[in-house]
Amino acid sequence: MTPALKVENLAKTFGVGGGLFGRPAAGVRAVRPMSFEVATGETLGIVGESGCGKSTLARMLVGLLDPTEGSIEIEGRALDNADPAAFGRLIQYMFQDPVSSLNPRKTIKQIMEAPLKRLYGMGRTERDTRIDEIFDSVNLRSEFLDRYPHEFSGGQAQRIGVARALAAAPRIIILDEPVSALDVSVQAQVLNLLRDLKTEFNLTYLFISHDLAVVEAVSDRIVVLYFGAVVEIGKAEEIFARPRHPYTKLLADSAPVVGRPLKAPEQKDSELPDPLNPPPGCAFATRCPRATEICREKEPMLEPHGGDQFAACFHPLE
Amino acid sequence: MMFLRLLFRNRLAAMGAIVLAIILILVLAIPILPLQDPDVIKTSDRFLKPFSDGHLLGTDHLGRDLLARLLHGTRLSLAVGIFAALIAATIGSAVGIVAGYFGGRIDNVIMRGIDMLMAFPYILLALAIVAALGPGLMNALIAVAAVNIPFFARNIRGITVGLAGREFIDAARLSGMGHGRIILTELLPNVLSTIVIAMSTTVGWMILETAGLSFLGLGSQPPQADLGSMLGEARSALITNPHTSIIPGIMIFLIVMSINLLGDGVRDALDPRLRSGALSRPRAKTIVDRKGEVPADDGKGLLNLQSLDTQFHVSNRVYRAVNDVSLFVNRGECLGIIGESGSGKSVTALSVMGLVASPPGVVTGGAVRYEGEDLLAAPYESLREKRGNKVAYIFQDPLSTLHPLYRVGDQLMEAIQVHHKVTDAEAKQRAIELLMSVRIPNAESRIRNYPHEMSGGMRQRVGIAMALANDPDVIIADEPTTALDVTVQAQILALLDDLRRERGLAIVFITHDFGVVAQLCDRVAVMYGGRIVEEGTTTDILDHPAHPYTKRLMDCVPELGGGKRALAAIPGLPPMVSDLPPGCAFAPRCDKATEACRKGEIALSGSETRAVRCIHPEEEIA
Amino acid sequence: MGPYILKRLISAIPVLLGITVIVFLIMAMIPGDPATAILGSYATPENVEKLNRDLGLDKPLISRYFIWLGNMLTGDFGRSFSLNRPVLDEILERFNATLILAGTAFVICSFFGILAGVISAARQYGFADKAITFVVLIGISVPSFFLGMMMILLFSVNLRWLPVSGMYAIYGGGDLADLARHLVMPAVALAVVATGVIARLSRSAMLEVLRQDFIRTARAKGVREGRVLYGHALRAAMVSIIPVLGIQAGFVLSGSVFIEIVFQWPGVGRMLVDAILTRDLLLVQGGVVFVAACYVLFNICVDVAQSLLDPRIKT
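Residue numbers (my numbering), protein chains in the order written: chain A, 1 to 318; chain B, 319 to 940; chain C, 941 to 1255.
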């Protein structure tokens, strides 16, 4: 079966410095070449801390950023950067900040209509029926359509965001920290809604978050990013329970868990390497308790470590 | 309508509008007013004083009627100024939007060009343009419009850059919109108010500038006269016949002042930040205006909050952020306050030392006792002496809570030196020790860092070091790890726990995270809608939550290790503290709620250490 | 610090070149034969021919620009036909007077503007705030040339305290006290508008800063309120006030044109206006480029001051 999304050697380097017409003086590798696949109907979780490149990755996948190298395939077809509408009909994005993602000067109806008009060229009556259908599935009342975004709470605004993404009838939705701006009691509402919609519309999700517990609760498989590179991929129920990469273990040990005594997990240094001047070898080596000579010289490759779990480490945990 | 009402609530703006309206009506009525021809010269009548026969405002050096000239000149000045403003605003805004939206190289090239234009003092550019095109009112208009384009371009670009980075622009692109459509339908409506503000605040200035060029003899040419050239012509007779100068001068002043007043009013009415009174300066200490009696000291704890009420008064709404909250904390104890945003947990914490921004915050009742002394009644100086010395704070976002322009060492030294008379060398030594105590490596060199040169985790360590500077008895930590990555959070929490045990600190720890509470706190208070709904020891609350809210909130939170699963959700939304329902604030969302839950006060019942505010608790508390 | 100043100086080069390009292009807009237009009423056949030769006016636009630029770089700004002396000599002599006037006004408006703004913010909604706001409102609405004329009427004609006009210290051999007496009125008239603008911006910058989290931190530390206001808050507010000072310096320089006319001050501004009216375009061209270049250099000083204050600006 062709995967819903296939990413091969996708990478992004941002230029830094350089003058008006000059070439950038240096490059920050926000995303190092990475490859992965997402099966149809799967939820792939992506976790990582600030600066790991997860948002850059997401923006490349929906065509908001051009990749420096590599390719993106959706259902077997390579995506053409030249046509944003082609992107929009296949893959949509749900934003972190529910308020900032809605234009404050437009009614919800105008916001909802844009993708239907621009991507599908629908007429007025057709649009109205479609919007009603979508609003029904996300549990929003149709009287909201004439209101402006500031009249809604974060949770409601996030539902409107979901509704807009659904209006494009995409195959895949990228969820970029969709609940981290919401209160805990509202978070669960949105997460459950997303789960129901996935079944209803046969969607594929990429769920990006810094919250391990949330990612674990919604994903089938999880990708762990560190410093722009994939360090580990595995099944959701396995990866934090039996991490192979020391960084994944550090993450899992750091998450506050009721009943676990408070102790700072073992790590030497809490700092990320300087992105302008990255060290050779494994980026985690400076913090890693297991690091040896080879870790500081060679960059480890993703290799299978039992079953579906892959880790990029010379000294994986058993 | 809303806008006009806001505008005219501002009395100065209304005054400006009235003056401007009178001037405009006079000017528009020129064709029907019985005015003399402004250009008829009659040298025998030169320099007639005001109120002379047939010349209400007198005559000028050529015997022309000043009233007629004044009104015609005013019309000309207004027309030219407004027209120049429109041209400058249109071109400047278009350039600014394009530069801001596309960014990158286009932005770079355009803005370098704008910077070049701004490198001229404006008059030089205007003079050069007039020199090239020749003196004349039309050329002056072009010059004034041209020199004001950079102002609009810069202003609008700034706003556009901010907007273009907002997610709704990305969303529009994903909806399949092209650049042109995004600029016109997504960006323009959002920058329009800024353009209007910029225009209303600069049109007066542009009228002045054109008048200035005419004053120099470079604008309107005789016999046509705007206000500036009237003033310029009258200047030679300033000493002998001052009225010919004063009359046009006052007219310019009136026009510009009324436009400025109106412009300020427009700005205030359009700027939502000013509308809510947010630009008020917070006072050194929260206003205390206690209605009713101050509760007597009940001798609990080291720090003891008794029936504290803190409210925000914004225009005529009252936000009851903290509502009858009683808490205490003992030496060496860690008390957690847990709640969602808007539950009042942070405001409770800030009320202790009078740090709630005021206005709009007001403490309206209760007492805050430190070692028995009521801090709310304490004079400012006595409160200040305790701030940081007896009770210290750690705040959420260490980047915004440290002063960006002082070295961290200096900020630490200041914290010490406001409370202790020590030499700089001693203070510096102490600052280094403090940084070492929060495990910052290379403390000797780190004290010379500015906050922006440190990582988030390091900055928060500095924040903690600053709180420890004077060996306080109580530390109030307001979500100190929320802005941090999870691996850093674990380190900071462990550090706080060690420090509390080493130093016997009392900690009040505010958070929304049950995992954090469970690991660090001895006792917990759960807040909802400004009230404490449940309190007890951490184990009691976590193992046997009594309030339905506590129980259901814990169910909402996924915990690591559970695998993929459905999550329990609470329907509905947290209440607005400006509009609390009677009875239990949680009742609308609670599946156990009955009629009794929706009326009257529901008391917090139980013992000193375990209490719940619920008629139908999940389980009876011991 | 050294590298930063050097960097700023280097980055000023394209701006300075840009200024010459803009001025050159504006002058190239003059319709008809450029030499005749530049010479205006002095366009005798010999003069036209001489100018054509000097400036290479028969050549294409680009080479004309480089000839002009090259001449300027060697200090040759051309010769003023109306004054019959080298343009640069005239400018240098006049610029001295402008510098005294505008410099004094700039010091006045910076000091009183910031002072008034800070007091206004510290006493928000109090009597001082309201009084300052009112005075500032009048100050920014009155045209400086009109204000100057009214000051002459009041202080020179009615009260006879100060001289009407002129500046003799340099040309008439007067002493410093004489200069000061002549300087007071024009400098104050020139400073009024800028003082108002700076006061307004300082007030809002202070109010903005006072709501920041780090002010709450300072208070939570127990820092005295005076130091919170005049240390922590003012320092942070200066970050947004200093660029305004740079912009206002440009306005002061601009305003000096009017003030020089009103008070017969022998500065560059009056020279430029006279030159335009006599269509002595080489003098206009030279004067504009020279003053603009000085303003660019002044702005570099502003940037350096800013970088001394704000460590976040990369050196």
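If you are wondering where the hints come from, they were derived from the structure by calculation, not from laboratory data. Heads up, some of the hints might be wrong.
As the list claims (entries may be wrong) - Pairs of lysine-lysine, DSS-like flavour, derived with a Cα cap of 27 Å:
1) Lys-263(A) with Lys-249(A)
2) Lys-235(A) with Lys-249(A)
3) Lys-109(A) with Lys-198(A)
4) Lys-739(B) with Lys-708(B)
5) Lys-882(B) with Lys-869(B)
6) Lys-235(A) with Lys-618(B)
7) Lys-882(B) with Lys-6(A)
8) Lys-249(A) with Lys-882(B)
9) Lys-708(B) with Lys-198(A)
10) Lys-263(A) with Lys-298(A)
11) Lys-618(B) with Lys-708(B)
12) Lys-6(A) with Lys-235(A)
Now the hints, each set against the structure:
1. Lys-263(A) with Lys-249(A): At roughly 14 Å apart (the allowed maximum being 27 Å), Lys-249(A) and Lys-263(A) satisfy the hint.
2. Lys-235(A) with Lys-249(A): Measuring from Cα to Cα gives roughly 15 Å; hence the hint holds.
3. Lys-109(A) with Lys-198(A): 23 Å, holds
4. Lys-739(B) with Lys-708(B): 16 Å, holds
5. Lys-882(B) with Lys-869(B): 21 Å, holds
6. Lys-235(A) with Lys-618(B): Cα-Cα ~52 Å, so violated.
7. Lys-882(B) with Lys-6(A): 23 Å, holds
8. Lys-249(A) with Lys-882(B): 19 Å, holds
9. Lys-708(B) with Lys-198(A): With Cα atoms ~54 Å apart, Lys-708(B) and Lys-198(A) exceed 27 Å; violated.
10. Lys-263(A) with Lys-298(A): 32 Å, violated
11. Lys-618(B) with Lys-708(B): 17 Å, holds
12. Lys-6(A) with Lys-235(A): Roughly 18 Å separates the two Cα atoms, so the pair holds.
Taken one by one, the earlier hints fail for this structure at numbers 6, 9 and 10, listed in ascending order.
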